[in-house]
Amino acid sequence: MSRLLILAGLLAIVLSLGSALVQLVRNKGESSQKMARALTIRIGLSILLFVLLLVAWQLGWIQPHGS
Amino acid sequence: MAQAHAPTSTASEKYYVPHGSPWPIVGSIALFTTVGGGALWLNHVHAGPWVMTLGLALLAFMFIGWFGTVIRESEGRLYNEAVDRSFRMGMMWFIFSEVMFFAGFFGALLYARQFSVPWLGGEGTKLLTKVIRGDTFEAAWPTNGPGHIGGDFEVIPAFGLPAINTAILLLSGVTITIAHHALRAGNRKMLNLFLAMTFLLGFLFVYLQATEYIEAYTHHNLKLSTGIYGSTFFPLTAFHGFHVTMGALMLVVIWFRCLKGHFTPTHHFAFEGVAWYWHFVDVVWLGLFIFVYWL
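Residue numbers (our numbering), protein chains in the order written: chain A, 1 to 67; chain B, 68 to 362.
No lab work stands behind these hints, which were simulated from the structure alone. Don't be surprised by glycine CBs; every beta carbon is placed ideally from N, CA and C. It is possible that some hints are incorrect.
Said to hold, decoys possible - Cβ-Cβ distance ranges computed for the label pairs, FRET-style: (1) L52(A) with L326(B): 45 to 55 Å; (2) G201(B) with L15(A): 41 to 51 Å; (3) G253(B) with M1(A): 44 to 54 Å.
As the list claims (entries may be wrong) - With a cut-off of at most 16 Å between alpha-carbon atoms, the simulated EDC-like pairs for lysine to aspartate or glutamate come out as follows: (4) K290(B) with E205(B); (5) K28(A) with E221(B); (6) K28(A) with D151(B).
Construct the entire structure; sequences and hints are all you get.
Have a look at this one:
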């Protein structure tokens, strides 16, 4: 379950990054603003995933390799 | 080349074609010298490292020169919408090649973990392989395989330098985002400050990564030659580190341009391209941190 959540989080991050790239290439109307917004979402989700990873480890839900 | 042309920005459909640029041939010679030097080095030819160093120096010279030319042309308003489109398409294909590059390394890791190591452990239809080989290898990860190549080793704990490095890179993602919003808002002071913080955090990341490698080699007996684990761990993390270095250098270039007053709140493709690239290397690291150290 934790594994799936982590993968889903990573997928959401990749999608927001990809959306920013689409806006960068399109460059129409509000593209620049949309790109900046998508990248802000990207970093927000990444920090959230990292914090959740720490919490899951603290709660014993997941263990890193070699531990 | 830049000064030889009248501004073409008014003729929006005409494509600006630079003439007489020396940089492509300089770049070709630089790459040939670098790789040739590397090949000589691998074949224990004494001059190899020197030839390679010369090639790298030439490559740096080419980058500085070519970047300078493009910047001068851009600031000279020689580029029109057609050129702008080509820059953006170029960025897309460059990123496509980067995604394929990392897909290859992540794919190797996935194949080893999900297929070849379990097969060597006798999983599924490969049971006969294990019986014929007659060893007692049980599939597990991390592993250096049935041959125990490189001897006993330990992996780097996720909650040492890797976690600190992740936090550093994520923080640099925050600072580049703040710089991005500052540029769009016309706040140059904040832009310059947070952009500088971003590349400094990038260089700190690379330094800590080097420290981690030294620790791996000296205290964990984890080396490039440590079976399948070492030969997937080091290329993945090292190529990522190389990308961080390149990204940080590109950020330095953009920072100097910002200090010189380049870019406007509405026109700043070079900044956007490098900022996106920085987010990209950040996401690759996050994927790496999760797949190499956790899952």
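Evaluated hints:
1. Between L52(A) and L326(B) the beta carbons are some 38 Å apart, a value that contradicts the proposed interval 45 to 55 Å.
2. Taking the beta carbon of each, G201(B) and L15(A) are about 48 Å apart, inside 41 to 51 Å as hinted.
3. Our hint of 44 to 54 Å for G253(B) and M1(A) holds, since their Cβ atoms are close to 47 Å apart.
4. Between the alpha carbons of K290(B) and E205(B) the distance comes to roughly 22 Å, so the proposed pair goes past 16 Å and is violated.
5. For the given pair, K28(A) sits about 51 Å from E221(B) by alpha-carbon distance, which is inconsistent with the 16 Å threshold.
6. Simply put, K28(A) and D151(B) have alpha-carbon atoms about 12 Å apart, close enough for the 16 Å limit, and the pair holds.
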